[in-house]
Each structure stands twice: as structure tokens, then as C-alpha cells.
Amino acid sequence: MSAVISQGGQEVIGVSRIEGPIVIVEGAANVSYDEVVEIRDSQNRLRRGRVLEVGEKNAVIQVFAGSTGLSIDGTRVRFLGDTLRIPVAEEMLGRVFDGVGNPIDGGPQPLTDKYADVNGQPINPTARVYPRDYIQTGISAIDGMNTLLRGQKLPIFSGAGMPHDQLAAQIVRQATLGAIAGEPPSQAEQFAIVFAAMGVKHDVADFFRRSFMESGALTRVAMFLNLADDPPVERLVTPRAALTLAEYLAYEKGMHVLVILTDMTNYCEALRQISNIRGEVPSRKGYPGYLYSDLASLYERTGRIRTSEGSITQIPILTMPNDDITHPVPDLTGYITEGQITLGRDLDHAGIYPPIAVLPSLSRLMKDGIGSGRTRDDHPHWGGQLYAAYAHMQDVRALASVIGEEELGEVDQKYLKFGRAFEREFVNQSLTENRTIEQTLNIGWKLISMLPKEELTRVSLDEIRQFYKGEDA
Amino acid sequence: MSELIGSVIWINGPVVRARGSRHVSMLELVEVGEERLVGEVIGLNGDIITAQVYEETSGMRPGAPMFGTGLPLSVELAPGLLKSIFDGVQRPLPLIEMESGSFIGRGMRLDPLYRKDRWKFTPTAKVGDKVSGGAIIGIVMETETFEHRIMIPPDLSGTLSWVAPSDEYTIEEPIARLKVGNEEKELAMLQRWPVRRLRPYKSRLGVTTPLITGQRVLDTFFPVAKGGAAGIPGPFGSGKTVTQHSIAKWADAQVIVYIGCGERGNEMTEVLQEFPHLVDPRSGRPLMERTVLIANTSNMPVAAREASIYTGITIAEYYRDMGYHVALMADSTSRWAEALREVSGRLEEMPAEEGYPAYLAGRLAEFYERAGYVETFNGNAGSVTIVGAVSPPGGDFSEPVTQHTKRYIRCFWALDKSLASARHFPSINWLDSYSEYLEDVAGWWREQVGMDWLKMRNHAMEILSDESRLSQIVKLVGPDALPDEERLVLETARLLREGFLQQNAMDKVDAYSSVQKQIRMLGLILHFHERALRIVKHGAPISVIHNLPIVDTLIRMKTLVPNEELEKMDDIQKQIDEQMSQLDSEYR
Ligand SMILES: Nc1ncnc2c1ncn2[C@@H]1O[C@H](COP(=O)(O)OP(=O)(O)OP(=O)(O)O)[C@@H](O)[C@H]1O
Ligand SMILES: [Mg+2]
Chain A
0 MSAVISQGGQ EVIGVSRIEG PIVIVEGAAN VSYDEVVEIR DSQNRLRRGR VLEVGEKNAV
60 IQVFAGSTGL SIDGTRVRFL GDTLRIPVAE EMLGRVFDGV GNPIDGGPQP LTDKYADVNG
120 QPINPTARVY PRDYIQTGIS AIDGMNTLLR GQKLPIFSGA GMPHDQLAAQ IVRQATLGAI
180 AGEPPSQAEQ FAIVFAAMGV KHDVADFFRR SFMESGALTR VAMFLNLADD PPVERLVTPR
240 AALTLAEYLA YEKGMHVLVI LTDMTNYCEA LRQISNIRGE VPSRKGYPGY LYSDLASLYE
300 RTGRIRTSEG SITQIPILTM PNDDITHPVP DLTGYITEGQ ITLGRDLDHA GIYPPIAVLP
360 SLSRLMKDGI GSGRTRDDHP HWGGQLYAAY AHMQDVRALA SVIGEEELGE VDQKYLKFGR
420 AFEREFVNQS LTENRTIEQT LNIGWKLISM LPKEELTRVS LDEIRQFYKG EDA
Chain B
0 MSELIGSVIW INGPVVRARG SRHVSMLELV EVGEERLVGE VIGLNGDIIT AQVYEETSGM
60 RPGAPMFGTG LPLSVELAPG LLKSIFDGVQ RPLPLIEMES GSFIGRGMRL DPLYRKDRWK
120 FTPTAKVGDK VSGGAIIGIV METETFEHRI MIPPDLSGTL SWVAPSDEYT IEEPIARLKV
180 GNEEKELAML QRWPVRRLRP YKSRLGVTTP LITGQRVLDT FFPVAKGGAA GIPGPFGSGK
240 TVTQHSIAKW ADAQVIVYIG CGERGNEMTE VLQEFPHLVD PRSGRPLMER TVLIANTSNM
300 PVAAREASIY TGITIAEYYR DMGYHVALMA DSTSRWAEAL REVSGRLEEM PAEEGYPAYL
360 AGRLAEFYER AGYVETFNGN AGSVTIVGAV SPPGGDFSEP VTQHTKRYIR CFWALDKSLA
420 SARHFPSINW LDSYSEYLED VAGWWREQVG MDWLKMRNHA MEILSDESRL SQIVKLVGPD
480 ALPDEERLVL ETARLLREGF LQQNAMDKVD AYSSVQKQIR MLGLILHFHE RALRIVKHGA
540 PISVIHNLPI VDTLIRMKTL VPNEELEKMD DIQKQIDEQM SQLDSEYR
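Residue numbers (numbering that gives the first Met the number 0), protein chains in the order written: chain A, 0 to 472; chain B, 0 to 587.
It should be emphasised that the hints constitute simulated quantities derived from the structure, not laboratory data. A few of these clues could be false.
[What the hints assert, rightly or not] Chain A is faced by these chain B residues, among others (derived, beta-carbon under 8 Å):
hint, residue
1, ARG108
2, GLY264
3, PRO482
[As the list claims (entries may be wrong)] Partial chain A-side listing against chain B, Cβ under 7 Å, derived:
hint, residue
4, SER31
5, ILE304
6, GLU406
Even glycine gets a Cβ: it sits at the ideal position worked out from N, Cα and C.
All chains, please: the whole structure from these sequences, using the hints.
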């Protein structure tokens with residue numbers, strides 16, 4: 000049984016049950032829901048946790064660092080009387096933290112008296128500013144066909160072994176506020192970057208760190224690292240800590256912040272683990288019924304608000320188990336985010352980088368950030384035409400694989416050629432190639448011009464007159 | 000008003016338990032903790048009271064007080080609802096922003112409707128009138144063109160002993176007194192109604208009028224009737240929200256209630272920023288003036304998300320009772336069902352399918368049953384049409400919410416991932432969708448448009464389903480193996496798909512098609528088909544049809560011909576005839 004000592008926050012000695020990362024404490028009074036606790040094992044080693052459920056006699060606690068080494072009688076739990084907060088300060092840029100926000104780069108605790116609740120609060124829809132400014136990433140498949148806007152949440156749906164990290168790093172390196180096609184991109188302030196790693200391998204974290212360093216971005220990056228061998232439960236805090244800093248930088252310091260969260264699949268697995276241990280009724284594949292709401296509480300921490308110049312743009316990365324887009328993690332993510340960049344195994348095998356499969360990709364906010372006065376007038380129709388042609392090409396390709404390419408009609412053969420060129424010249428680009436929006440649009444027209452004019456029903460007759468360079472132009 | 004009824008003993012997210020009074024009622028509104036967070040009683044067991052709380056419960060402790068209010072969760076009904084945006088329990092979001100800034104704070108107690116506005120009330124009843132529930136006693140111009148009819152609350156009747164003279168009043172000031180037996184009741188414009196109770200009406204009327212949405216695939220192929228219910232299921236990114244926004248913009252309803260239930264914040268912001276600048280084609284006024292928004296986004300508290308649907312439908316019924324046609328959009332009912340599931344899970348109730356509580360089907364039925372075309376107590380006809388989005392996990396329609404929804408709706412707009420990927424929008428699959436209102440609204444088309452719409456529509460459907468059958472063959476052997484008559488079916492089906500079914504919500508001209516435009520477009524494509532068929536039968540190869548310039552025109556006519564310039568259609572018809580006659584003479 001446990002004894003209660005009171006001194007600097009209530010302390011309970013001894014717990015009544017330990018199961019995985021969950022401990023149950025009896026006899027604590029006045030515990031509040033969601034409160035933070037400090038837990039010490041018999042060797043006096045400190046770890047932290049959070050109250051998940053509280054009754055009259057007991058409290059259910061989630062231990063971030065897991066329960067290894069905790070004993071029933073030798074564990075002391077101190078209730079701190081507040082929800083989890085992390086320090087936030089501009090000087091956190093350039094620093095590295097663990098998954099719950101402690102510095103691990105040898106530097107001191109950030110100097111600040113501002114501590115913010117990691118859960119944040121929902122943005123009032125009336126206070127939001129609808130995103131309209133596009134970010135030029137220099138990557139054609141994104142800028143042209145899945146344009147990213149400042150204040151958008153646009154995840155990368157990937158699979159094991161595909162180059163999602165390279166892509167994210169390239170976006171971080173090249174992202175600038177977009178300009179009208181033909182005009183030089185404005186040299187507006189650069190993005191601050193908040194990077195959160197959840198359960199990724201050391202070399203992935205190193206890759207990002209090196210990549211930020213090489214591009215000279217390191218002083219603009221705050222890294223929150225929960226790596227593969229770090230406690231899984233901490234992963235539940237990592238993105239929250241990162242977003243809490245991002246919100247401070249964006250909404251109080253007026254910065255444009257790009258948040259990279261990787262890998263959301265690991266995050267969700269940690270959530271599932273806790274849920275299963277607690278015996279909650281699962282929905283699909285063992286994930287808890289509240290996975291949607293939980294993910295939304297992260298992804299919705301994106302956007303712009305009227306009282307600040309700043310913005311938060313999120314690029315969560317997730318690996319789809321088995322490349323299955325209907326798996327709960329990508330599925331519920333897709334239901335919350337404003338589109339998705341989907342990587343395709345086929346393209347990757349064919350040596351295309353970045354292997355962005357444009358058909359299952361989507362940017363929902365694109366329509367508001369492109370076209371007249373933003374990129375170029377023809378951009379919306381141009382995109383529609385490329386999508387339509389490439390979608391049709393897929394059917395043709397399927398047919399060709401049945402009846403053989405030579406059996407195809409003349410027009411369909413042109414589609415096949417178009418498709419190949421689209422993948423090799425438009426989607427494909429090098430890791431360092433930074434295309435302007437004008438270059439992207441022009442490559443697109445070159446490809447569209449491989450098709451007969453009659454096939455082009457998405458672009459206007461005027462646009463055909465102006466940009467089409469096909470045989471029958 | 001509220002009294003202490005117990006003290007909290009257990010907290011798990013939005014669900015709290017208290018021990019205390021045995022006189023609390025189910026669904027009573029309670030206030031919990033020092034911050035007085037609002038909640039609703041969802042379970043009673045001896046002296047244990049279980050409540051769902053509409054706000055974050057972080058920081059709440061056992062021992063916290065629980066207060067009862069004696070009232071069920073209700074909405075405020077009065078002039079001032081239009082143009083408003085509320086959260087799921089009718090808290091006014093703009094005022095919350097004024098109080099707590101850009102982020103939604105906790106424990107905010109704000110009146111849903113602004114108390115200080117004065118509204119010009121014009122009485123239409125007089126002292127001595129015997130009136131019963133629903134009777135109209137006066138009007139207020141809620142916007143420049145919208146007449147808000149002040150009604151006797153549904154459960155009251157008596158004789159008017161005083162009616163306020165025509166003047167400006169706040170919604171709380173008395174505007175009439177009603178003698179009920181020996182008692183005299185003071186009436187103000189402001190009334191309340193418990194959200195979980197449907198508002199009564201005199202009788203249900205048959206549904207015979209389509210809700211015209213200006214969306215061709217809906218109006219022409221799968222119409223929903225005014226007073227009917229439609230479901231729009233689809234995987235993420237398939238177009239549920241865009242379709243519902245389009246309906247909210249263009250439907251010929253007098254009032255729109257739009258519920259963003261567990262969806263994105265930016266989508267609500269988009270409506271808020273766009274609707275004031277869009278003009279309602281019928282009233283000539285900004286669209287916002289006929290719209291009530293309920294926004295309980297995915298990151299807002301989950302119990303309030305559950306309530307949002309009821310808040311919305313009650314407001315819709317209130318306007319229906321005045322004699323208006325109301326269209327209600329709920330995006331997404333799946334998030335509402337998940338809120339039910341989440342609360343049920345925390346109560347450790349026995350789950351039925353996929354973790355959903357066994358009462359899911361019953362709740363869905365209750366909700367969709369609140370759609371209807373009715374005769375109101377004041378003798379007017381009004382309607383509530385419900386369009387509910389469904390977000391099936393993995394896009395798999397066999398899941399419980401889609402399946403149960405299907406039982407209570409008569410119009411099913413099935414969105415299709417592969418169409419969306421190919422950027423065929425709206426990605427409503429014409430083979431999987433259905434409307435059971437076709438026969439019901441055929442008479443309306445005959446009278447209003449003067450053409451045999453149903454026959455034309457069915458003919459077009461036949462071409463489309465033939466196409467689906469034929470394309471199976473094409474996939475195996477290529478198109479060349481088909482006889483030219485069948486290849487013509489493919490050609491016409493392409494015109495129907497690209498020229499008619501595809502409709503770009505972002506295009507100024509294309510976003511809205513009047514029924515006249517729809518029927519003309521359909522007529523032209525079918526006319527093309529008929530004439531081409533004759534020529535093909537006479538031996539012309541399909542390529543000569545395919546290469547006619549008119550094909551391109553038919554695909555583009557949706558954007559080439561605005562609703563106001565339908566005479567241009569005559570010209571297109573002439574082109575069809577000329578080009579076909581030319582071929583006729585070549586292949587006789
Ligand atoms: N009628 C349309 N015209 C043009 N584009 C459309 C149309 N319908 C859908 N789209 C495109 O599809 C995208 C996704 O649509 P939408 O946001 O409505 O999907 P959804 O089904 O609501 O997805 P979710 O379930 O994730 O909310 C839009 O951003 C838009 O680009
Ligand atoms: Mg949607």
C-alpha cells in the first residue's frame with residue numbers, strides 16, 4: 000500500500016499496479032485530470048508522466064519513459080498540479096531537444112519565463128486567415144500540380160525505403176515564398192523550421208541534421224528528437240512539444256514556421272499501445288476510436304491567424320504499412336490534412352526522383368494560391384489538363400500491357416509517349432534542382448503539346464493558342 | 000438558477016462522474032467544476048451521475064462541484080441567427096474570439112444571440128386572437144430581404160391579451176402576452192427549444208419538389224426532394240465538402256444551415272470569408288444572409304461535436320416552422336458517430352460493430368427523420384432537407400455508419416476515389432449512386448421545364464451503363480474490336496461524362512447550372528447521339544464522328560454558355576444539325 004507525503008506537490012510512495020507504461024496510484028487526493036507527475040524509482044532516477052484518468056481513490060498514469068525499473072513499493076510519484084508545459088523562446092532555434100523538450104545538445108535550459116501547455120488550444124475558425132500565398136518548393140510535381148501554401152498541412156505518404164526524407168529535406172532547403180511566374184522569387188524572410196522525430200532511426204535524424212547544416216539552415220531549426228530506441232510513450236509528447244514552440248514562433252513572434260513531423264506511423268503505434276494496455280475498445284486494426292481526434296489535435300495546429308503575420312505550415316511524414324493507403328494512419332491523416340503528397344513504389348523502382356504519384360496526390364488549398372496574379376493565368380487549366388491526360392494515359396498503359404503497344408491507335412500511342420515524358424521530364428528532377436514556377440509550367444506545356452489539340456478539353460482555346468506548340472499548332 | 004447536485008468522483012476525458020442527487024434528469028444540462036464547464040447528463044445509476052462535458056477537462060479534480068440547471072440542452076431561437084457562426088453548443092464564435100483571442104478558451108459563458116440589437120417588430124396578430132403553438136404573431140426583417148416570423152412557442156396556446164405596437168425591441172423584451180387559462184404568459188422574440196426533441200408540425204406532406212442545387216449530376220441524375228434526405232459518402236479528398244459547399248451556395252433553399260462537424264478549421268474560415276461576397280442568385284443578397292454556420296472542428300471538444308448536429312437541425316426546424324425551405328448540410332456525420340463512439344467507449348459500454356455503440360443506428364434514424372416537407376401549425380408549407388456527408392474508413396462503404404445511413408436516406412451520392420484521382424469532379428459515381436425521388440419530382444420537371452426530363456435522364460443513364468459494360472471489353476481487347484455503333488456509345492458517354500457530369504466548382508460559369516441549362520445540355524448531347532447513330536448505321540466510320548468540331552463544342556458548352564445566354568444553345572444545335580446533315584449526305 001502506498002503512503003502519502005506532502006511537500007512541494009503531493010507525493011505518493013508506492014503504486015498499486017504497473018502494466019507496460021501505465022501505473023496506477025492509489026491514495027492520492029486532489030489529483031487533476033491531465034496533470035503532470037514526476038516519478039522516481041528506488042534508485043531515485045527521475046522520469047515524468049501524465050494523469051490519464053482519475054477517480055476518487057486512484058489515478059491512472061502514463062509514464063513517458065516507460066516503467067522499466069519501477070517497482071510496486073519503491074516507486075514515488077509526485078503530482079505537480081499542472082498540465083505538461085515546455086519553455087518556449089526564440090533562442091530555441093538552433094537547439095536540439097529530446098522528445099519531451101529537454102535540451103540534449105549540451106547547452107543550457109532555454110532562458111525564458113514563458114512556459115506553454117503542450118496541448119495548445121483550438122484556433123477559433125473566426126480568427127483564422129485562409130491561406131493564399133504559395134510556397135515555391137522548386138519541385139515541379141508539387142509546385143505545378145499539388146501546390147503548397149503557407150499555413151497548409153500537407154503530409155507525405157510514403158512507404159518503407161522510399162526517399163521521403165530526401166524529399167522533405169529538399170523542400171526545406173528550397174522553400175521560398177512563391178512569386179508570379181517570370182518574376183524573381185521574393186527574398187522574404189526564410190522559414191524557421193521545427194523538426195520533430197518520433198521513433199525514427201539515428202541515421203534519419205542525422206541525415207536531417209546534416210542536410211540542415213549543409214544548407215546553412217541549422218540556426219533556424221529546432222529539433223525535437225524521440226528516436227527509435229527512446230521510450231515510445233514519449234512520442235506522444237514530441238509533436239505536441241514541437242507544435243507548441245511552432246505556435247509561439249508563428250503567432251507571437253510573427254515567423255513563418257515549417258514543421259516537419261516524422262514518422263507519424265510510429266506516433267500512432269505508441270498511441271495504440273497505450274490504448275490496448277488500458278483495454279479500450281479498438282476501432283480498426285487495434286487503433287483507438289479517438290485516433291482521428293487525437294491526430295486532429297496535432298494537424299489542426301497549422302495555419303494563419305489574423306493577429307499575427309506568421310504562419311505554421313506542416314509537412315508530416317508517414318510510412319504506410321504495406322504501402323496501404325487505406326491503413327488507419329494514412330486514412331485518418333488524409334481525412335484531416337489539406338491533401339497529401341503520395342509517393343509511388345512503381346516510380347521509385349523506375350528510378351524517378353521524387354517518386355511523386357500525382358494521381359493519388361492532392362493539394363486542396365492549391366486552387367486558392369495559383370492562377371492569375373499568383374502564379375500564372377493558365378496554371379489551373381494547365382494542371383487540370385495534365386491530370387486528365389495522365390489519368391487517361393494510365394488506362395492506355397493498362398490496355399497496352401494487354402494488347403501490346405503496337406496495337407494501340409495513333410492517339411493512344413501519343414498518350415503513352417506523353418506519360419513517359421511526364422514521368423521522366425516533369426516529375427523527375429535531381430536532388431538539387433530548384434525549378435522556378437515558370438520552368439515548371441513550361442515543361443508542362445511542352446508535354447501537353449505532345450498530344451493532339453482535339454484531346455485538350457481542359458485548357459481554353461485561348462490558352463491553346465498562346466502556349467500549345469504541338470505539330471498541329 | 001443552478002444548484003449543487005453532486006461532487007465529481009471520476010474524470011476520463013470528456014466524461015465525468017459525480018456522486019450526489021437522485022433528482023437529476025437524463026439529458027439535463029449541468030455545470031462542472033469551478034470553471035463551470037457545461038455538460039449534459041448521459042447516465043444515471045443510483046446516486047452516480049455521468050455527464051459528457053463540452054469543454055476540455057484538463058485540470059479538473061475529483062471533489063469538484065457539479066451543478067444542475069434543471070433544463071435540457073437547448074438552443075436560442077430569435078432574429079439574429081442568420082449570418083451567425085456558433086460552436087456545437089451554440090456558443091457564438093466571434094464573441095469568443097473577442098473574449099479570449101484567437102484560441103478558444105475554456106469556461107466561456109456567452110449568450111448565443113446578441114442581446115442588445117434592436118429589431119423592428121411588426122405585429123400581425125391582435126389582442127383577443129386565439130392562437131396556438133406555431134401561430135405567427137409578428138414579423139421582423141432579419142436581413143434586408145428575409146422575413147423572420149415570430150411564432151407562438153409550439154407547446155403554448157391561448158388568447159393574446161397584449162401585443163406590442165410596431166417598434167424596435169431587443170429579443171428579450173416582451174412583444175406579447177398570452178392568456179393561458181388563468182395564467183398570463185409574457186412572450187419575447189427569444190425562445191428556447193431542447194435540441195434533442197424534434198419540433199412538432201401539423202402534418203407531413205409528400206415530397207414532390209426537387210431541391211435544385213445547380214449541380215448537374217445531382218439535379219438531373221440523382222435529385223433530392225425538398226424535405227428529403229441524401230447521404231454523400233466518400234473517401235478523403237473525393238469531394239464531399241466541395242459538393243456540400245456548392246449546395247450551400249446554390250441550392251434554391253431560403254435558409255442554409257451548414258454544420259462543420261469534426262472537420263477542418265480552414266474550411267469553415269473559407270465559408271466565412273467567401274459567403275459574404277457571393278450573391279444569392281435568387282434574392283440578389285449576399286449568401287451569408289441566408290446562412291447559419293455551426294463549426295465544431297476536429298480539434299474542438301468531442302462532446303460538443305456530438306451536440307452540433309442537434310443544434311443545427313433544431314435551428315433548421317425553427318425556420319421550417321415559419322414556412323421556409325431549409326437545407327441542412329452536415330459535414331461529416333461520421334465524425335459525429337465517432338464522437339458517440341468515443342463517449343460510449345469511455346463509459347465502457349458494450350460495443351456493437353467496430354466499436355460503435357449499439358444505439359448508433361437509432362441515433363442516425365432519429366436525425367434523418369427530422370428531414371421532411373411539412374404543413375406547419377400556421378398553415379404554411381416548410382421543409383428541411385438533410386444532406387449528410389459520410390467519411391467511411393478506407394473509403395469502404397460496408398462500414399457501419401454508411402450502411403446504417405443508407406437505411407434512412409433515399410438519395411445516395413456515392414463518391415469514387417478513382418474518379419477523384421482522375422480529377423473527374425464531382426466524383427459522384429453514376430453507377431453506384433441512386434435517388435428514390437426520381438418519380439416524385441418528375442411532375443415538377445414537366446410543369447416547370449416542360450420536357451420529359453425523366454425519359455431523357457434514363458436514356459442518358461442507359462448510355463452510361465452501356466459504356467461501363469463495353470469498357471470491360473475494351474480493357475481486354477482494345478476499342479477497335481467493337482462495332483462502330485457501340486463505339487458511338489463510348490463517344491456519347493464521353494460527352495456525357497466530360498461535357499455534362501463533370502462540373503468545376505471553381506469555374507465562374509460552370510459552378511452553377513440552371514435547370515434550363517441542364518436540360519438543354521442533356522438534350523443536345525442526346526440529339527447528337529441520335530443523329531450520329533443514324534449516320535453510323537449508314538456505314539460511316541466512328542472516326543468521322545469523333546473528328547467533328549461539334550464534339551469539342553459539346554464538351555466545352557458548360558463553360559461557353561452562361562445561364563443567362565441559353566439562346567447560344569440554339570446555335571450549338573444548329574451546328575450539330577449542319578455537321579450531321581453534311582455527313583448524312585456523304586453516307587446515304
Ligand atoms: N466539383 C469540383 N470541382 C473542382 N474540384 C473539386 C470538385 N470537387 C472536389 N474537388 C477537388 O477535390 C478536392 C477534395 O475535395 P473535398 O475537400 O470536398 O473532399 P472531401 O471528400 O470533403 O474530403 P475529406 O473527407 O478529407 O474532407 C478539392 O480540394 C478540390 O480540389
Ligand atoms: Mg471534407
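> Can you name, in rising order, the numbers of the hints this structure does not satisfy?
Replying inline: Of the numbered hints given earlier, those the structure breaks are 1 and 3, listed in rising order.
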